[in-house]
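Asks: Given the coordinates of chain A, assemble chain B onto it according to the supplied hints.
Note that the protein sequences, when read in sequence, are chains A and B. Take 1 as the starting number for the first sequence in my numbering and just add one per residue. Take 1 as the starting number for the second sequence in my numbering and just add one per residue.
Everything labelled a hint here was simulated from the structure, so no lab data went into it. Since this is a predicted model, take the numbers as computed values, not measurements. Glycine included, C-beta positions come from ideal geometry on N, C-alpha and C. Accuracy of the hints is not assured; some may be wrong.
Claimed, not checked - Listed next, the stretches of chain A that the computed footprint assigns to chain B, with coverage defined by at least 3 CB atoms under 8 Å from CB atoms of chain B:
| no. | segment |
| --- | --- |
| 1 | 19 to 26 |
| 2 | 107 to 116 |
| 3 | 145 to 156 |
| 4 | 196 to 202 |
| 5 | 217 to 231 |
There are 2 protein chains.
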Amino acid sequence: MEKGSVEVFSPATVANVVCGFDVLGFALDGPFDKMVIRKIAKKGVAIINKDDYNLPTEPAKNVIGGALLALLKEVPEEIGFEVESTKLIKPGSGIGSSAASAAGSVVGANQLLNNRFSKEELIHFAMCGEEVASGSKHADNIAPCIYGGIILIRSSSPLDIISIPAPPLFVTILHPQIEVKTADSRGILKKQILLKDAVTQWGNVAGLVAGFMKNDYELIGRSLVDVIVEPIRSILIPCFDELKNKSLAAGAIGGGISGSGPSVFMLSKNEATAKDVEKAMIAVYQKSGVDFHTHVTTISNQGVRIK
Amino acid sequence: MEKGSVEVFSPATVANVVCGFDVLGFALDGPFDKMVIRKIAKKGVAIINKDDYNLPTEPAKNVIGGALLALLKEVPEEIGFEVESTKLIKPGSGIGSSAASAAGSVVGANQLLNNRFSKEELIHFAMCGEEVASGSKHADNIAPCIYGGIILIRSSSPLDIISIPAPPLFVTILHPQIEVKTADSRGILKKQILLKDAVTQWGNVAGLVAGFMKNDYELIGRSLVDVIVEPIRSILIPCFDELKNKSLAAGAIGGGISGSGPSVFMLSKNEATAKDVEKAMIAVYQKSGVDFHTHVTTISNQGVRIK
Numbered sequence: 001m002e003k004g005s006v007e008v009f010s011p012a013t014v015a016n017v018v019c020g021f022d023v024l025g026f027a028l029d030g031p032f033d034k035m036v037i038r039k040i041a042k043k044g045v046a047i048i049n050k051d052d053y054n055l056p057t058e059p060a061k062n063v064i065g066g067a068l069l070a071l072l073k074e075v076p077e078e079i080g081f082e083v084e085s086t087k088l089i090k091p092g093s094g095i096g097s098s099a100a101s102a103a104g105s106v107v108g109a110n111q112l113l114n115n116r117f118s119k120e121e122l123i124h125f126a127m128c129g130e131e132v133a134s135g136s137k138h139a140d141n142i143a144p145c146i147y148g149g150i151i152l153i154r155s156s157s158p159l160d161i162i163s164i165p166a167p168p169l170f171v172t173i174l175h176p177q178i179e180v181k182t183a184d185s186r187g188i189l190k191k192q193i194l195l196k197d198a199v200t201q202w203g204n205v206a207g208l209v210a211g212f213m214k215n216d217y218e219l220i221g222r223s224l225v226d227v228i229v230e231p232i233r234s235i236l237i238p239c240f241d242e243l244k245n246k247s248l249a250a251g252a253i254g255g256g257i258s259g260s261g262p263s264v265f266m267l268s269k270n271e272a273t274a275k276d277v278e279k280a281m282i283a284v285y286q287k288s289g290v291d292f293h294t295h296v297t298t299i300s301n302q303g304v305r306i307k
Numbered sequence: 001m002e003k004g005s006v007e008v009f010s011p012a013t014v015a016n017v018v019c020g021f022d023v024l025g026f027a028l029d030g031p032f033d034k035m036v037i038r039k040i041a042k043k044g045v046a047i048i049n050k051d052d053y054n055l056p057t058e059p060a061k062n063v064i065g066g067a068l069l070a071l072l073k074e075v076p077e078e079i080g081f082e083v084e085s086t087k088l089i090k091p092g093s094g095i096g097s098s099a100a101s102a103a104g105s106v107v108g109a110n111q112l113l114n115n116r117f118s119k120e121e122l123i124h125f126a127m128c129g130e131e132v133a134s135g136s137k138h139a140d141n142i143a144p145c146i147y148g149g150i151i152l153i154r155s156s157s158p159l160d161i162i163s164i165p166a167p168p169l170f171v172t173i174l175h176p177q178i179e180v181k182t183a184d185s186r187g188i189l190k191k192q193i194l195l196k197d198a199v200t201q202w203g204n205v206a207g208l209v210a211g212f213m214k215n216d217y218e219l220i221g222r223s224l225v226d227v228i229v230e231p232i233r234s235i236l237i238p239c240f241d242e243l244k245n246k247s248l249a250a251g252a253i254g255g256g257i258s259g260s261g262p263s264v265f266m267l268s269k270n271e272a273t274a275k276d277v278e279k280a281m282i283a284v285y286q287k288s289g290v291d292f293h294t295h296v297t298t299i300s301n302q303g304v305r306i307k
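Isolated chain A (complex conformation) (with noise of 0.2 Å):
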């Protein structure tokens, strides 16, 4: 790269994970957005899109606008940054497009101004990218992306962010080509749930953060239930129980959809299974008549990467 630039890669991301709503998330190894950032003498953000989606050019409209004019406005010196945007992550994909943008552009704007701000401050960042996309600061794409692995989001306000360690898991993802608007998705969930329900999904989420601590990918599977937001999400993904069913026959441990859908992820403890869920997938799929795209990857305890 020429000096005073960088090229990002910049990780695909699972929110939620199942019983985790809102507090857990992990990094993908693929598929990931690549950006060329070069620091400018001009206060501001300059963005061209090197793809075909057509996003809005203008910093305050764009999720990696918002985030770099959120970075710049705690940076002194007259500069600013342009940045070549390549999508390689659907839009509205489910798998954190947004965030991939939104964490990427601010993790290499700061090896741009050697490293000054922390990894907690660049999620910050990163978060008013994250409301160009969606109307909401959330972090549950953001810090996986930043940080790698499995990350739990004990409180966003304020931020408290952990690693949890886990063992290797692969990850198949099936990503159907339909619109689901994330403020639609969440929109139609309930406001109060059964306090029961709510005793179940914290004895799962315990029960999930447990196992991949053990190494137990039993507990892993038993735990990757769902009986609050599932139920009523699923019913925006086409097929979404027999495609879940058919995973599971195939070998998968556990999964469900990935943030607000519409993809759908589902873990495996080998590629060799994760390769048999996705066939199963594909084959639920091919006879629904929505057009669809798969990824068979892994958990990666690398985020964004800098070359």
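Replies: Positioned in the frame of chain A, the structure of chain B alone reads:
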């Protein structure tokens, strides 16, 4: 001990553990109940109380009786048990007095049957004893009483019991001499809660499990927050807020209501702090006019002990 009899020491336990309502519990090193259990040649249970609590001796109305009758249903031989019970854990204190009777009696009886039943089966029998005391089968005191240590009950049906490793933790207990019936303490809870509060709670439950398993005392402390049950139940406990604030000021990591109360527990990193916390608690209660007892002990990895 004479042949055909065992001496049993059954410890007090703390259920709920602040944010872990109905799913977490841990065993204390003390206080504990003592029982002498003898195998007798006649089907049935005979209970001899060696204390002044005047608990019913009719087996179907006694926690020990309820638990042992459930166990005896699975024993084909024409045998029974005589139990001399010395309760040192005050009934109604909220530190698992009935669970100690239920769990201790079945663990002791199982020893006299050459340990033919698994720990899970013993939990089921003991839950039948708990039902006599509280009208509902629950395992959040019984499971830690039998297993020792910190226990997650991920699911009650089917039973899924997970041991959570943790660093050394000292426990200060204050038991106000007031009566809080479990049924009343459960009755005042709301059946419906806000989803956003539930998210806060499962973030904390996940943080607490991660904190225990990472030996991270600060994370344990930050996670010991209950936004759902404590705000309601604490109104039944005199001076609760002051007790908690003064304990934290004296160095406690965190704490809250033990089970459904009235006892309050606080965790500390070392014994000296736990004793400072005890002094702070005593100072609050001495001016309250309510009689009380205190204990300073540890979380113990040993459950029911047999001599």
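Asks: A separate judgement is required for each hint: does it hold in the structure or not?
Replies: How the hints compare with the structure:
1. For the segment 19 to 26 of chain A, the proposed coverage by chain B is satisfied: 6 residues have a C-beta within less than 8 Å of a C-beta in that chain, meeting the threshold of three.
2. For the segment 107 to 116 of chain A, the stated coverage by chain B is violated: 0 residues have a C-beta nearer than 8 Å to a C-beta of that chain, whereas at least 3 were required.
3. Proximity of the segment 145 to 156 of chain A to chain B, defined as three or more residues with a beta carbon under 8 Å from a beta carbon of that chain, is established by the 4 residues found.
4. Three residues within the 8 Å Cβ limit are the bar, and the segment 196 to 202 of chain A against chain B gives 6, so the coverage statement holds.
5. Only residues whose beta carbon comes within less than 8 Å of a beta carbon in chain B count, and the segment 217 to 231 of chain A has 4; three or more means the coverage holds.
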